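Chemist: So the protein lines, in turn, are chains A and B. Under the working numbering, the first residue of the first sequence carries the number 1145, and numbering increases by one thereafter. Under the working numbering, the first residue of the second sequence carries the number 528, and numbering increases by one thereafter.
Keep in mind that the hints were calculated from the coordinates and are not lab data. Each hint can be trusted.
Below are the DSBU-like pairs computed for lysine-lysine, each with C-alpha atoms no more than 30 Å apart in a straight line: (1) B:Lys576 - B:Lys638; (2) A:Lys1182 - B:Lys626; (3) A:Lys1185 - A:Lys1162; (4) A:Lys1166 - B:Lys626; (5) A:Lys1185 - B:Lys595; (6) A:Lys1153 - A:Lys1166; (7) A:Lys1162 - B:Lys626; (8) B:Lys626 - A:Lys1163; (9) A:Lys1166 - A:Lys1185; (10) B:Lys576 - A:Lys1184; (11) A:Lys1184 - A:Lys1166.
If the Cβ cut is set under 7 Å, some of the chain B residues that face chain A in the computed set are: (12) Gln569; (13) Gly621; (14) Phe629.
Note that the coordinates shown come from a computational prediction; the quantities given were computed from them, not determined experimentally. Think of the CB as a built atom: it goes at the ideal place given N, C-alpha and C, for glycine as much as any other residue.
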Amino acid sequence: DTEVTQTPKHLVMGMTNKKSLKCEQHMGHRAMYWYKQKAKKPPELMFVYSYEKLSINESVPSRFSPECPNSSLLNLHLHALQPEDSALYLCASSPPTSGIHEQYFGPGTRLTVT
Amino acid sequence: AQSVTQPDIHITVSEGASLELRCNYSYGATPYLFWYVQSPGQGLQLLLKYFSGDTLVQGIKGFEAEFKRSQSSFNLRKPSVHWSDAAEYFCAVGEYGNKLVFGAGTILRVKS
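Next up, chain A with everything else stripped away, as it sits in the complex (with noise of 0.2 Å):
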């Protein structure tokens, strides 16, 4: 099974409100990964998490704070987002850390800040 689950699948959220992203894979993989995509653009590395820790954060805003609870599960917190936030989400996970893997991606969150 290659399957990473990603909800919800559409989110409308005001620049005051707090929500959550959630991520959820059972392929035993220990590497997850938060992308931002923009129309038209490839996805952007936003944040990586390595048996449960935080590895890479690419100078993202604050507005955005991820969290991974288990090996299984991974969340993006928003909060005071803005409307250039405005994006698809996509989260992805790849075996063990060491070395190069593929990265299997979900379908993906559709953010709009209003």
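Use these hints to put chain B onto chain A, whose structure you have.
Modeler: Positioned in the frame of chain A, the structure of chain B alone reads:
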């Protein structure tokens, strides 16, 4: 830093025709290369990967890619395109720390 170039932003092919999507990379050592496909509003699906060994790699959905070190290329091919292949295709190279560097993508349109 590594980079990936996909020279074609859009490509249109007729259904049943052959397809080649171009990808060039910039990397000093042996690269770890990937092709992903993305349908509108969906996540990315891994088509194939190249790490080492045979330079002709077979993937899912009838796709293949050939690694050519001398040309720094990893072009994606399919002998006969189906209407359902219309999507955006991303070439990527793996970096230390298991990061992916993506190309800008190529949008494939299939005409009947």
